[in-house]
Amino acid sequence: MIKLRINNKKYLKNLLTRFLIMIIFILFILILNKYNKSLALNLKNNLFNKSINFVKINKLSQRLLGKDVFYYQSKESDSMVIASQFNQNKKNKYFDGEKILVSSNLPIGSISSGVVVYIGNKENYNNTIIIQGMDGYNIWYGNITNVNASLYDYVEEHSLIGSADGEYMYLLIEKDNKFYTYDEYVKSKN
Amino acid sequence: MMSMSKVKINYLTYAVVILFMFSGFKNNLLYIFLVFLIHELGHIFFCKLFKINVLCIEIYPFGGIIKLNTYINSSCIKKLFISSGGLIFQLILFLINKLIFQNKIIDSYNFQVFIYNILPIIPLDGSKILQNIMFCFFSYYFSLVAAHIISIISIIIATFYLKNFMFLVFSITFIIKDFINLTYYFNKFLLERYLYGFKFKNYHYYKSNNLKKLQIGKLGYFYENGWKNEKYFLRKRFDKKA
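The listed protein sequences correspond, in order, to chains D and C.
So for the first sequence, the numbering used here puts the first residue at 1; every next one is plus one.
So for the second sequence, the numbering used here puts the first residue at 1; every next one is plus one.
Fair warning: there could be bad hints in the mix.
Each computed BS3-like pair below joins lysine-lysine, with the alpha-carbon atoms no more than 30 Å apart [unchecked claim]: (1) D:K122 <-> D:K90; (2) C:K163 <-> D:K56; (3) C:K163 <-> D:K67; (4) C:K228 <-> C:K207; (5) C:K228 <-> D:K67.
Here are the in silico distance ranges between beta carbons for each label pair [to be verified]: (6) D:Y11 <-> C:I9: 47 to 55 Å; (7) C:F165 <-> D:L151: 49 to 57 Å; (8) C:I115 <-> D:L151: 31 to 39 Å; (9) C:F165 <-> D:N190: 44 to 52 Å; (10) C:I9 <-> D:N190: 46 to 54 Å; (11) C:T173 <-> D:K34: 20 to 28 Å; (12) D:N92 <-> C:I157: 32 to 40 Å.
Stretches of chain D that chain C covers, calculated by requiring three or more beta carbons in the stretch to come under 8 Å of a beta carbon on chain C [claimed, not checked]: (13) 50–57; (14) 63–70; (15) 162–174.
Treat the hints as calculated values from the structure; they're not laboratory data.
It should be emphasised that the depicted structure is a prediction, and the values quoted were computed from it without experimental measurement.
Note that CB positions come from ideal geometry on N, CA and C, so glycine has one too.
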């Protein structure tokens, strides 16, 4: 019984020291951020706006383990018609991207294959899905309901990701902090 | 029942699992480990059937390696069944999948693990099956050396078709270790015959004096001023010299 008590004391002491060290570390960073604005901006940008480059890891593991290792099984049925081409639709400029007019509650397919990185609300874009494409272009699909893709999953080209909420949809194509329109993107592919 | 202390996980499986999760394929991990589980259960089923003790199972990214508590001189037909047990259970899984579930991911991974394990490359099942077949017909030393040479040739051919870099690195490290230990395996084979009184049903008369001609399951007679039992030569090799 005495041995147990001594072990508990050691454990509590260790726990408290680790806890206090974490508090000191956090306070240190907060004070630094107050007096150094560039550091604060960098931190905010890296933590909240950027995401890990999943596509790079995907390509690396395909090179190491072979191409057959990642088997993708498409989920949607054959009877549904999925739109992943918007050449004929009317497009208007909307903030950094475009507002595309589609038929009511159109099921939307992914324009490129890649990894889903964000599902949720984005300012001005309503419910969005962000996909990191294997070709390097990050695509935002805005104003979407009935999301079919799960977070951090690989999505194949032309597979169902959701349906438009109403008669319009937002689209934003970005690569290395430069924004492209849908027509420019399609041109660069061909 | 198998205790958890008998199951070890190699550190490289953790690395491969992390690679899978960060590439967007976290669902596929479940299917892969299901296939591995059924493969290993195939081995264990035959071990329990022949009442052979399992020492430990180590899980690698390409499958698992089982260590058994047997002699080298035990029956090579029993060991043939144990080493092909994994592939047999994978065939059963293939049939069940085709008839009942019809899941394409299981099909794909089952097929891949099957292909990787049927290659005659040293740590995999294929080489064990090949070795156990050769032990029935050829001498122990010859079949060991032949299996190593065949595995090197098949690695060179396999890398051209499979293009799997990690597999190449793995197999080369295993084969190098095994080549270094060849003489120790042969010595253990002879030492078991010297220490434990195995009762062989068959015997064979060898013209030369070479112990490398000995075969699993057959008592050997060599000629040195008359036909002598192999025990005479083993005692010459292992007895303490006064």
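Hints, one by one, checked against the model:
| no. | hint | verdict |
| --- | --- | --- |
| 1 | D:K122 <-> D:K90 | holds, 23 Å |
| 2 | C:K163 <-> D:K56 | holds, 19 Å |
| 3 | C:K163 <-> D:K67 | holds, 8 Å |
| 4 | C:K228 <-> C:K207 | holds, 11 Å |
| 5 | C:K228 <-> D:K67 | violated, 59 Å |
| 6 | D:Y11 <-> C:I9: 47 to 55 Å | violated, 27 Å |
| 7 | C:F165 <-> D:L151: 49 to 57 Å | violated, 29 Å |
| 8 | C:I115 <-> D:L151: 31 to 39 Å | holds, 33 Å |
| 9 | C:F165 <-> D:N190: 44 to 52 Å | violated, 33 Å |
| 10 | C:I9 <-> D:N190: 46 to 54 Å | holds, 48 Å |
| 11 | C:T173 <-> D:K34: 20 to 28 Å | violated, 53 Å |
| 12 | D:N92 <-> C:I157: 32 to 40 Å | violated, 58 Å |
| 13 | 50–57 | holds (count 3) |
| 14 | 63–70 | holds (count 8) |
| 15 | 162–174 | violated (count 0) |
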